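Engineer: The chain contents come next:
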Amino acid sequence: MTATAVRTSPVTDAETLARVERFLYTEAEIMDDHRYPEWLELWTEELEYWVPFDLADETPQGRVAVICDDRPRLKERLARFDGGYAHAQIPRPVLSRTVSNVLVDQVSDGTLEVRSRFVLTLLKHQWQTVTHAQEMVFSGKAIHVLEPAGDTLRIRRKTVRLSNVVLPLPNIQFLL
Amino acid sequence: MSTSGVFTSVVDGRVDGSIYTDPAIFEEEMKRIFHRYWVYVGHASEVPELGDYVLKTIGRQPVILTRDEEDNVTVLLNQCRHRGSTVCQAARGNSTVFRCQYHGWTYKNSGELIGIPRPDGYPADLDKRQFGLFKAPRIGTVRGFVFASLAGDGISFDDHIAPARHYIEAFCDASPVGEVMLSGGVQRTVFNANWKYIGGDGYHGAFTHRSTKELLDAREPVTAHAATRTSKAEAGSTASTFLDRKTSNAVSLGNGHVRLHDDRKNEASLTAIARDTHLSPADAKEYLGLMKAAYGEDSYEDVLAQSDPHIEIWPNLQLTGTHVRTVRPVAPNRTEVEMAPALLRGVPESVNNARIRSHEWFFGPASFGSPDDSEIFERIQRGLDAKAVPPLLLARGLHRQEVMPDGVILGNRSDETTQRGQLTQWEKVMNEGVSK
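Residue numbers (our numbering), protein chains in the order written: chain A, 1 to 176; chain B, 1 to 436.
Some hints could be false.
[Unchecked claim] Heads up, incomplete: computed chain B residues facing chain A, CB under 8 Å, no partners named: (1) 191; (2) 208; (3) 298.
Everything labelled a hint here was simulated from the structure, so no lab data went into it. Remember, predicted model here, so these are calculated numbers, not experimental data. We treat Cβ as the ideally placed atom computed from N, Cα and C, and that holds for glycine.
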């Protein structure tokens, strides 16, 4: 998760790019649909999921984050969402995100580093009134480190540079 | 507010919902509390070097917390004395001067006006000393926690803070050198509800935070490391919420300062510390060794046991678990809350890292605890659109709380002694009048 300098080279072959894009779109759909057990299956056994609170942070060490999960913490996050008592997520917000600007680099050890942008709209609709509905837009940059796993890919590390951190954040009770 | 212009809060254990919803009352809170009374501004560790500054807000007013060239921490209004533009835009930084970019008026970081371009437009005897950046007339500090009053008169800082001072010090004494640092960043959050719902409720854990209790219950006992000290209490097993008076209290200390007291002395063992702050066994051992060396074999466990004061310092500062929380009312139905992990001076980096990761478990917009508080506050704000009579009940424990000889009021942990303490102070200060 630290900002180690890795040698990378751009990936341009159509087959790899299509595979990566398909992976990102699938992940986006799973996150939008709140399918938490399926999302967990996209990760490698050892994992790092980091959403810094300060866009200038290069490491979570010594800095408070929005999210800084290892596997046990991530599993608790998902168990809580599906446990029925995460009030801040009731009713579940309606999410729709677009993923684009996908750039893929081959990292020297054979894994892929993928940079992409997302725009996510959220509708929170408790009490079914326009007055109290909350419509929000979240956007930012995602950096996935993906490892090959059989004929698919797995997420070893994911960093999300969420644009919204420059302002006070409302509850983030969904997946980024 | 009644037609007589008198503000009332808790009457016969009931409170009118309008104090949480009425825009006119909110305006008066800004004038009478935030722009006049003692409020927490920031921590000296946010401006560690000469010339450091950080932008803050007092009520609605933009201020700059600075450390000037003489090493004084000062609170300046961020407003040029010429035509009113802000003179500092960056959220934090280091500078010897602040310059207004409208006409170039320039001020030292202590506030003195030092430069007026083309001063021939003013009389030769213009006294620059009359045109420095406006300074908060009164400042008070406890262990680096900086408070300010924008009024020249009123209760002294020492009198205001007296009932809380010991607990601020106890919080800092989690460090072997007695100092905390807010250098680990801050989680800035916002919710759509009134600021006065926050804090001091020892009754809500078992329901509001049931999801965290389920996570803790699901853990293998041997790996149960990640809970923060606060999360244990706030996760609120029914047992901890409804403990009897002997081991746990809701306390009204006076001047609106309130706290939840849990007797932790028996928990101040290596195992408990490791579990509570997510420390590895090696880090826990080193940390406890440092604490033992600093406070002595006989005292260090007491010091540790008291280092989570769970105190709400009226009106806008809370020291809970391992973090410092600042409350900033924006509107009757909108509140910003800053949550910063308190790092300890004099401990290994890994200990502070563990405190940060443990903080993130319960506190912050994507955490497992505080978002449910925010959600409940928003539900109250919506609920108060219903105008029921008689008004809300705030009577829990009224029949069993005790007033001590020094005026401190003790209730059971789940009693609303704390909220009544805060609102009693609110009523007192709201009726004291406005600043000139």
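Engineer: Tell me if residue 208(B) is really an interface residue toward chain A, meaning its C-beta lies closer than 8 Å to one of theirs.
Structural biologist: 7 Å, holds
Engineer: Given residue 191(B) was flagged as interface, is its beta-carbon under 8 Å from a beta-carbon of chain A?
Structural biologist: 7 Å, holds
Engineer: Hint check: is the beta carbon of residue 298(B) less than 8 Å from a beta carbon of chain A?
Structural biologist: Cβ of residue 298(B) sits 33 Å from chain A, so the hint is violated.
Checked against the numbered hints above, the structure violates only hint 3.
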